[in-house]
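Colleague: One letter stands for each residue in the lines below.
Number of protein chains: 2
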Amino acid sequence: MSTAPHSELWATEKHDFLELRYRATEVLFSEQSPFQHVEIVNTEKYGKILLNDGYVMITEADEFIYHDMLVHVPLFTHPHPQRVLIIGGGDGGTAREVLRHPSVEQCVMVEIDEVVVNACRHHIPQTAQALDHPKLTLRIEDGVKYVAETAETFDVVLVDSTDPIGPATPLFGETFYCDLARILNPGGLVVSQGESPFYFAAMQHKLLDILHRCFPTVSLYNYSNMSYPGGLWSFTFASQGLDPIADFDPARVAASGLEFRYYNSAIHRAAFALPTFMQRQIKTILDSPC
Amino acid sequence: MSTAPHSELWATEKHDFLELRYRATEVLFSEQSPFQHVEIVNTEKYGKILLNDGYVMITEADEFIYHDMLVHVPLFTHPHPQRVLIIGGGDGGTAREVLRHPSVEQCVMVEIDEVVVNACRHHIPQTAQALDHPKLTLRIEDGVKYVAETAETFDVVLVDSTDPIGPATPLFGETFYCDLARILNPGGLVVSQGESPFYFAAMQHKLLDILHRCFPTVSLYNYSNMSYPGGLWSFTFASQGLDPIADFDPARVAASGLEFRYYNSAIHRAAFALPTFMQRQIKTILDSPC
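One line per chain: the protein sequences are W and P, in this order.
Throughout, our numbering is defined as the position within the first sequence, counted from one, plus 15.
Throughout, our numbering is defined as the position within the second sequence, counted from one, plus 15.
It is worth saying that the hints were derived from the structure and are not from the lab.
Each hint should be verified, as a subset may be incorrect.
Note that identical chains are pooled: a pair holds if it fits in a single copy or bridges any two copies.
Below, simulated SDA-like cross-link-like pairs (lysine to any residue); rule was C-alpha separation at most 20 Å, straight line [what the hints assert, rightly or not]:
| # | residue 1 | residue 2 |
| --- | --- | --- |
| 1 | 221 | 292 |
| 2 | 29 | 218 |
| 3 | 221 | 211 |
| 4 | 221 | 294 |
| 5 | 60 | 214 |
| 6 | 60 | 217 |
| 7 | 60 | 34 |
| 8 | 29 | 245 |
| 9 | 60 | 35 |
| 10 | 60 | 28 |
| 11 | 298 | 274 |
| 12 | 60 | 31 |
| 13 | 298 | 151 |
| 14 | 150 | 273 |
| 15 | 60 | 30 |
From just these sequences and the hints, can you work out the full model?
Modeller: Here's what the structure looks like:
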């Protein structure tokens with residue numbers, strides 16, 4: 016946060032080549048956790064904004080887009096998701112959307128940073144409301160360690176991580192994904208925050224390469240929210256065979272009676288249509304021998 | 016442009032609630048035209064950036080997205096586009112993409128601001144290269160007046176405008192679109208820069224409302240580039256009946272032999288899949304009586 020000469024308050028996300036500055040009204044929370052600097056600011060335009068280490072994680076105005084696309088694409092691809100694991104997701108928005116699916120019997124959420132969870136509980140109930148849901152088991156611990164050691168298994172795993180800096184770095188490693196493959200039930204699938212094809216193309220490719228070694232079916236899908244730089248962002252989809260288009264039945268979305276502000280059946284399919292430059296980038300990876 | 020304490024140069028796009036700052040290496044061009052302030056800066060990350068009145072129009076790094084989606088969606092929807100009119104488009108990128116279609120016999124481009132054209136000719140040949148094409152007729156005049164007075168007719172009209180401030184304001188009016196409907200050949204269509212569903216929703220709705228009064232078939236489609244705020248941006252599609260999905264034949268794309276960095280047949284169809292919040296917004300408009 017900085018205070019400009021005119022006493023204007025701006026939350027500034029700084030990159031080497033780009034700065035995104037959001038006009039803020041007040042700093043609601045600012046604390047160094049053992050893992051990162053956690054900050055929540057209020058704004059007129061975007062509602063409350065959560066920043067970890069100065070990077071925007073969510074804004075109240077557009078978090079529905081990210082959470083809809085992270086959750087509902089896999090949960091409507093899997094024919095009957097009962098047990099869901101969330102790695103990260105401290106703000107609670109991912110859990111909120113998972114728990115709207117009646118088939119889900121248990122959702123385990125493993126978040127490393129309790130400071131994020133408590134700050135969101137206090138300041139952003141819009142996402143944190145789900146954290147007290149009776150079907151949710153919240154564990155404050157290292158997701159990488161949990162996945163390496165747990166005897167539990169899951170139908171769907173959602174890796175709701177920040178970029179691969181700070182505490183999220185091991186979430187972009189092959190060991191983590193091989194462990195995830197081991198704790199999946201038959202027919203299970205994993206969706207992960209997949210970075211930007213513009214700004215983090217190298218990391219996106221590394222993640223695809225890792226997934227390709229651990230899972231037979233791998234693809235990318237896209238979404239756009241207001242607050243991540245560069246417009247187009249991706250999720251990775253990896254499964255033991257379930258295909259996010261061929262095995263997707265839009266009748267299940269209609270029959271669910273659920274309505275979403277971003278997600279719908281047409282968006283589900285459209286998200287997997289990749290621009291040519293992305294097709295070329297991933298073809299190089301998927302064509303290469305394991 | 017501003018010079019920070021550390022002598023860093025940034026091109027800053029300022030909104031009431033948001034600032035986008037691009038690290039620049041030099042200002043290549045800066046001049047007040049009769050219509051707007053025209054500026055071209057160089058950057059390491061984005062190549063050259065054209066800003067009109069402080070708003071980013073194009074960057075060399077991502078202009079292919081905007082131009083692909085403005086041009087190839089309509090030119091592959093129309094079965095045989097021969098005469099194309101561009102309103103605006105001073106940087107030349109739209110003309111460049113139009114002229115890749117062999118069916119096009121003549122492209123008329125009407126740009127009000129010669130300063131933009133000359134600055135791009137000199138500094139951004141990547142887009143301006145097409146301005147000397149033998150099939151292109153470049154007219155430096157008011158597009159609204161041209162459309163009101165011309166006796167020429169067109170198969171496809173592309174309204175490549177800035178936001179409705181400054182010289183582009185009349186391009187968001189009903190008179191202009193009624194005139195466009197008049198100069199279309201039978202089966203013709205019009206695609207326009209359709210603003211952001213997040214930041215300029217009111218303007219997007221006004222434009223849809225106007226189109227709905229002048230054309231029987233109206234829809235929206237989306238794209239995401241790196242440099243427009245808020246990720247998701249739209250084009251409007253309006254025709255005398257031609258449908259951008261039902262009348263689109265992907266075999267024509269394949270048969271053309273053309274390749275594009277963003278556009279492809281799957282992207283063409285996917286672009287018309289709207290998030291639920293946009294479906295709700297436009298349903299209100301399209302359901303209302305004319």
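Colleague: Which of the numbered hints are not met once you compare them with the structure shown?
Modeller: 13
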